[in-house]
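As given, the protein sequences belong to chains A and B, one line each in that order. Numbering-wise, the first sequence is residues 0 to 269 according to numbering that gives the first Met the number 0. Numbering-wise, the second sequence is residues 0 to 222 according to numbering that gives the first Met the number 0.
These aren't lab readings, by the way, just hints derived from the structure by calculation. Source: prediction; values computed, not measured. No residue lacks a Cβ here, since even glycine has one placed at the ideal position from N, Cα and C. Be aware that one or more of the hints could be misleading.
Unchecked claim - List of simulated lysine-lysine pairs, BS3-like, C-alpha gap at most 27 Å:
hint: 1; chain 1: A; residue 1: Lys4; chain 2: B; residue 2: Lys70
hint: 2; chain 1: B; residue 1: Lys122; chain 2: B; residue 2: Lys190
hint: 3; chain 1: A; residue 1: Lys38; chain 2: A; residue 2: Lys165
hint: 4; chain 1: B; residue 1: Lys48; chain 2: A; residue 2: Lys4
hint: 5; chain 1: B; residue 1: Lys128; chain 2: A; residue 2: Lys4
hint: 6; chain 1: B; residue 1: Lys94; chain 2: B; residue 2: Lys70
hint: 7; chain 1: A; residue 1: Lys120; chain 2: A; residue 2: Lys84
hint: 8; chain 1: B; residue 1: Lys190; chain 2: A; residue 2: Lys165
hint: 9; chain 1: B; residue 1: Lys91; chain 2: B; residue 2: Lys48
hint: 10; chain 1: B; residue 1: Lys94; chain 2: A; residue 2: Lys4
hint: 11; chain 1: B; residue 1: Lys190; chain 2: B; residue 2: Lys48
hint: 12; chain 1: B; residue 1: Lys100; chain 2: B; residue 2: Lys190
hint: 13; chain 1: B; residue 1: Lys94; chain 2: B; residue 2: Lys67
Unchecked claim - For the chain B half of the interface with chain A, some residues (derived, Cβ under 8 Å), not all of them:
hint: 14; residue: Lys48
hint: 15; residue: Tyr51
hint: 16; residue: Ile54
hint: 17; residue: Phe78
hint: 18; residue: Arg80
hint: 19; residue: Gln88
hint: 20; residue: Ile93
hint: 21; residue: Leu104
hint: 22; residue: Pro105
hint: 23; residue: Val115
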Amino acid sequence: MKSLKNHLSLIVALFTVLFAVQIYVAVDRTIAAYETHLKNDYSIIVVSNKAFTPVEFKAMDTLIDRSEAIATDQVLDRLQGEMTKKNLDLLKLTLPKFYRLYLNRFPTPSEIQNLQKRLQKNPAIVRVEGYAQTHDTVYKLMLLFKDVVQVFSIAIAAVTSLLILKEMRLWQFQHSERMSIMALFGAPVWLRSAVLFRLAIVDAIIATGILCLTFFIIAEYGWMDILLQTVGIKIELFNFIDDSLRSLLIALGVSIVLTLTIVIGNEEEE
Amino acid sequence: MDKVIIAENLSLSYKEFESIISKANFSIDAGSFVFITGASGSGKSTLLKSFYGAIAPRAGQLMVGGVKMNKISTSKLNFLRRHIGVVFQDYKLIKEWTIEKNVMLPLIISGYTKDVSGSQVQKLLGHVKLIHQAGKYPPELSGGEQQRVAMARALAHNPILILADEPTGNLDEYSSQVIWNLLEGANTQLKTTIIVVTHHIPSEITVPYKHYHIELGNIHEVS
């Protein structure tokens, strides 16, 4: 019973670390997906006196992914009844060209400002509209969300580290007697600590298993999918190959470091 | 006759205390039965500890089984300990292991197969009259029974040297008799060197023995 309790303490601590890491990864994925979503929707409007080809636009800044000309026909058609054909033809000749520029990623506010300045250096470009205020609000909101998640993850990691540290001291105390007795009969370090390593590895595997099961249940019931669909994005919350492998490596890493600390601590005591 | 222990000007001390044993010169023959006596705090347990490398010589030289104990490496010390059996006054059994596994410990360390170690453990548990307790855990046994388990463990790997620190200190008559019989048996039949640290030499001893006494940090041969 006591042994099971000790196992549970380490499994819970490891599970918490893995859960915090996985939540951070999932939030990162969500933000990346949302950035892509924003990037696809976001564009800059350029007004120029001369026609530009997409290649010319791309050459102006590496941030520019593609460009498309905004057709003016619709607006001019509406004016057909109100203007004479001669005036309309004149307007067509003098009307500037309108372009929509799409970017290859969601830019920071300073990147938008720099891009605007660079475009405006071209004498043919008369106006650039970056919708800076709207962009700025969305971007700041996203940064705030990222920061909140980061602080939350660090807090969880700090609390869990304390838990693991406490668990480590308990383990050290519990196993030091047995390890010293084994040392008195000439057991090498690896043999003395073999049981500890076995326990640590088993606990790491169990903690990873519980994490996979938790995320399988979350994915199965689709709660998160519904939540994410409301903001128009879809992500893979838990990749059962990549994420479980990473979680297993983290759990093994943490528990092996923990065991090594105990073993080294025990060596120093001797 | 081969010497299993040779001490030349051996001085032992802990950091806090000065010279518990001072410039001792003695040697112990292989296959002999030796008693080391002395008053409480005279340094007899410290001397025994130096034989299995739990305390290093402060000055002088100490050779155990041909191995120099001054600044001994961990791997050499482990190797030496695999050829020594130690019986402690407080038994030093692993509480979470069964009696059977506790006796098996030196065999596990020496890398014996389960079959070999299993039959050896059964034989030894028979000798210490604890075969029926094999599956129990140390806290379930009396002090005398625990010391008999410790004795069986010390004999399990047929060591060249058995070191016993007050092995019958708090034991009943029956357990004491079993312990002395086993130590005598190991000495006469297997030619194992036995070194016992005790307050008084027991009257039950029937084998010839050597007696060293420690007083004021000096060791002298009594008989």
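Checked hints:
1. A/Lys4 x B/Lys70: Not OK: lysine 4 of chain A and lysine 70 of chain B at ~42 Å, beyond 27 Å, violated.
2. B/Lys122 x B/Lys190: Within the cut-off at roughly 19 Å; holds.
3. A/Lys38 x A/Lys165: Given pair lysine 38 of chain A, lysine 165 of chain A is violated - Cα atoms ~46 Å apart, limit 27 Å.
4. B/Lys48 x A/Lys4: Status violated; Cα separation ~37 Å.
5. B/Lys128 x A/Lys4: Violated. Lysine 128 of chain B to lysine 4 of chain A sits at ~35 Å, over the 27 Å cutoff.
6. B/Lys94 x B/Lys70: Given that 27 Å is the threshold and the Cα spacing comes to 32 Å, the pair is violated.
7. A/Lys120 x A/Lys84: Not OK: lysine 120 of chain A and lysine 84 of chain A at ~35 Å, beyond 27 Å, violated.
8. B/Lys190 x A/Lys165: violated, 50 Å
9. B/Lys91 x B/Lys48: Holds. Lysine 91 of chain B to lysine 48 of chain B sits at ~14 Å (cutoff 27 Å).
10. B/Lys94 x A/Lys4: OK: lysine 94 of chain B and lysine 4 of chain A at ~18 Å, within 27 Å.
11. B/Lys190 x B/Lys48: holds, 22 Å
12. B/Lys100 x B/Lys190: holds, 26 Å
13. B/Lys94 x B/Lys67: violated, 33 Å
14. Lys48: violated, 10 Å
15. Tyr51: Because about 7 Å separates tyrosine 51 of chain B from the closest Cβ in chain A, which is inside the 8 Å limit, the hint holds.
16. Ile54: Where the cut-off is 8 Å and the nearest Cβ of chain A is about 12 Å from isoleucine 54 of chain B, the hint is violated.
17. Phe78: holds, 7 Å
18. Arg80: holds, 3 Å
19. Gln88: Interface hint status for glutamine 88 of chain B: violated (14 Å vs cutoff 8 Å).
20. Ile93: Interface hint status for isoleucine 93 of chain B: holds (5 Å vs cutoff 8 Å).
21. Leu104: Holds. Min distance 6 Å.
22. Pro105: holds, 5 Å
23. Val115: violated, 17 Å
In this structure, the hints that do not hold are numbers 1, 3, 4, 5, 6, 7, 8, 13, 14, 16, 19 and 23, in rising order.
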